[in-house]
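J.: In order, the protein sequence lines correspond to chains A and B. When we follow this note's numbering, the leftmost residue of the first sequence carries the number 286, and every step to the right adds one. When we follow this note's numbering, the leftmost residue of the second sequence carries the number 286, and every step to the right adds one.
Treat each hint with caution, since some may be false.
For identical chains, the list gives no copy identity; a pair is met inside one copy or between any two copies.
To be verified - The list that follows gives simulated cross-link-like pairs (lysine to aspartate or glutamate, DMTMM-like), each with its CA atoms no further than 20 Å apart: (1) K459 / D449; (2) K609 / E357; (3) K445 / D483; (4) K373 / D298; (5) K361 / E583.
Quick caveat, the hints were computed from the structure, so don't treat them as lab data.
Listed here are the chains, written in short residue letters.
Number of protein chains: 2
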Amino acid sequence: MTELFSFELKRQDKAARTGVITTPRGQIRTPAFMPVGTGATVKAMFPEDVAATGADIILGNTYHLMLRPGAERVAKLGGLHRFMHWEKPILTDSGGYQVMSLAKLRRITEEGVTFQSHIDGATIHLTPERAIEVQCLLGADIQMVLDECTPFPATREEAKRSLDLSMRWAERSKAAFARLGAPGQALFGIVQGSTYPDLREQSARALMEIGFPGYAVGGLAVGEGQQSMLDMVEVTTAVLPEDRPRYLMGVGTPEDLLGAIARGIDMFDCVMPTRSGRHCQAFTWSGRLNLRNARHAEDTRPLDAESQCPAAQYSRAYLHHLVKSGETLGAMLLSYANVQFYQELMARSREAIAQGRFAAFAEDVLRRYQSGGED
Amino acid sequence: MTELFSFELKRQDKAARTGVITTPRGQIRTPAFMPVGTGATVKAMFPEDVAATGADIILGNTYHLMLRPGAERVAKLGGLHRFMHWEKPILTDSGGYQVMSLAKLRRITEEGVTFQSHIDGATIHLTPERAIEVQCLLGADIQMVLDECTPFPATREEAKRSLDLSMRWAERSKAAFARLGAPGQALFGIVQGSTYPDLREQSARALMEIGFPGYAVGGLAVGEGQQSMLDMVEVTTAVLPEDRPRYLMGVGTPEDLLGAIARGIDMFDCVMPTRSGRHCQAFTWSGRLNLRNARHAEDTRPLDAESQCPAAQYSRAYLHHLVKSGETLGAMLLSYANVQFYQELMARSREAIAQGRFAAFAEDVLRRYQSGGED
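Please construct the entire structure, taking both the sequences and the accompanying hints into account.
T.: Printed below as a string of structure tokens:
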């Protein structure tokens, strides 16, 4: 009998891996990139187009959705999938990161975190148990434990104290999920430990002791720099079990993704393709482009001749005109093309790993991004 | 041999008409509604979706496009159709209306109009000849003579003086078009005359004397009120030849369109469906809806169950959430659904006219808009 939620590792190429996560709502081919649907929408994209890019799963933000429209309301309306017209899997974060980055007047105790909504100033209490309850109300297929996203920089002592709290919260999250989670849903643990290799290892082992069907690497891409981030990834994936998916949270550029895949990461999420799309930045197979740049004004070449995306077939001259004019269609086309680029980057990575040539593939892309990009 | 540009009147139902305009780029079923693509984009819509709504033709704004990206640049890039990914017919206005409504420091002489760009303050000269040159550079299938959009209100003397100038400009526009226009392109005249029935008639006869393959009714929907607008339409269409299409410029609400169709109008353009879409207003087969209204917050019904539009299948609760959150997808879905509603209104009007039951059809829609709408 097949498990409702499972991960099959198909092939390794040094530390890089390709596999398939199976959920009741469909399969997720790894390495996988999850477009971010913060407020129940991947910004400026129709959900059908998000699916058309090849995305197997998207991410929803617990913090945003619990504030607006509210988890109980989403549940009443039939759950997040139905609400936002997305039938494939959804992963929800636990809100820990957003509480740190967006909320005001936050106070952290053993019990949980109290903060003011950045929307209307309302006082909100978030505990590990409530974070799971919210994610279950949303109906998320993959849920995340509530953690404290350790601020950067942190002294070793601060990082250790924060990590220990996160590990106790992880245990409480798992207990809550055991009561509230539906069959086929999965809860992932989150490794913390700032930039201290021994704390990262300690955190990973503590989570493995509790036991999760998947493990995330959290608290990175917060200012530590790419090399330090990749070092922490390497330390962590060396400890994590091979038969569970590994998810690097909130990362990153194409270069970051390739570096993390090379170190054994299976899943990513990031606002970069959509946020960049709204800020005139394109990711293409010939590197980065800033469409505001006047050099594109009479360039009739398509945005990305190598991309399969319909949006990437529009001319650079037209996209330049749209972004210069502040037209919404500019953000729509660039968001679409960027998300598609990220999915194509994952698809080609999977193929390269399956064929044992990931290092050469990554080197080729990195070269394009070093020399081909104009910015 | 078929003419490159032609109009075939298929059926009349009292004064209401249905027919087909044939152009080298395709047929236009009338009554036709032209979505407005001001700056080479129907705002917040993919061109494929504009086509999917059933639109046979869109409108481009000469004024906007000559300022940005510039007519010569569009020509260099292969023309407006290619630039904006729209292969079907395009009608361009002549810029007269926008000069009146948008430009600063305008000065009108017999020669033409001088104004400051609302974008960068540059001084621009627009003559009847230059307006045609710009439209030919854009490659518009249907072009409009440069006219002075008579301000409202105007004394009879002001209206007469303005009208006479517009008629002289119409003659110069036709002469320029004879030199510059491509085979299959058509130039329409524009009837002015403010709210004076005898001036409207005089203007129509003067244009017919010059001779155009189509006639527009201009200078309306500028504050005169619906009844006065429809009265002027009725006076004008009574004079215009039956075998030429008639286009009411810049109009309007569903109620306006039905009233004008009943008085013999064949073509419309208006920013209303897209602009309303960006301002949370929906046009549906059960009337107007304001999606910001809290009553929609938990309404799982689709926006418009009677519409064929994919965008109209999203729940009112979800659309309410999107517009409350300021999400771009809200504007994208409502613009799409509104443009589709306008196209369905035209399609049903054509069918009703063909079956000799237009009056009953219009009455039914007006009733929905009087009682069904919430706002």
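J.: Next step is simple, just say for each hint if it's right about the structure.
T.: These are the hints, each one checked on the structure:
In this assembly of identical chains, the alpha carbons of K459 and D449 lie at most 20 Å apart only when taken from the same copy (16 Å versus 82 Å across copies). Taking CA atoms no more than 20 Å apart as the test, K609 paired with E357 passes between copies only; the shortest distance there is 18 Å, against 41 Å inside one copy. Taking the shortest alpha-carbon separations for K445 and D483, only the intra-copy value of 10 Å comes in at or below 20 Å, while the best inter-copy value is 88 Å. Taking identical chains as interchangeable, the C-alpha atoms of K373 and D298 are never at most 20 Å apart, the minima being 28 Å within one chain and 50 Å between chains.
Only between protomers do K361 and E583 lie at most 20 Å apart by alpha-carbon distance; the minimum there is 8 Å, versus 51 Å within a single protomer.
Checked against the numbered hints listed earlier, the structure breaks hint 4 alone; every other hint is satisfied.
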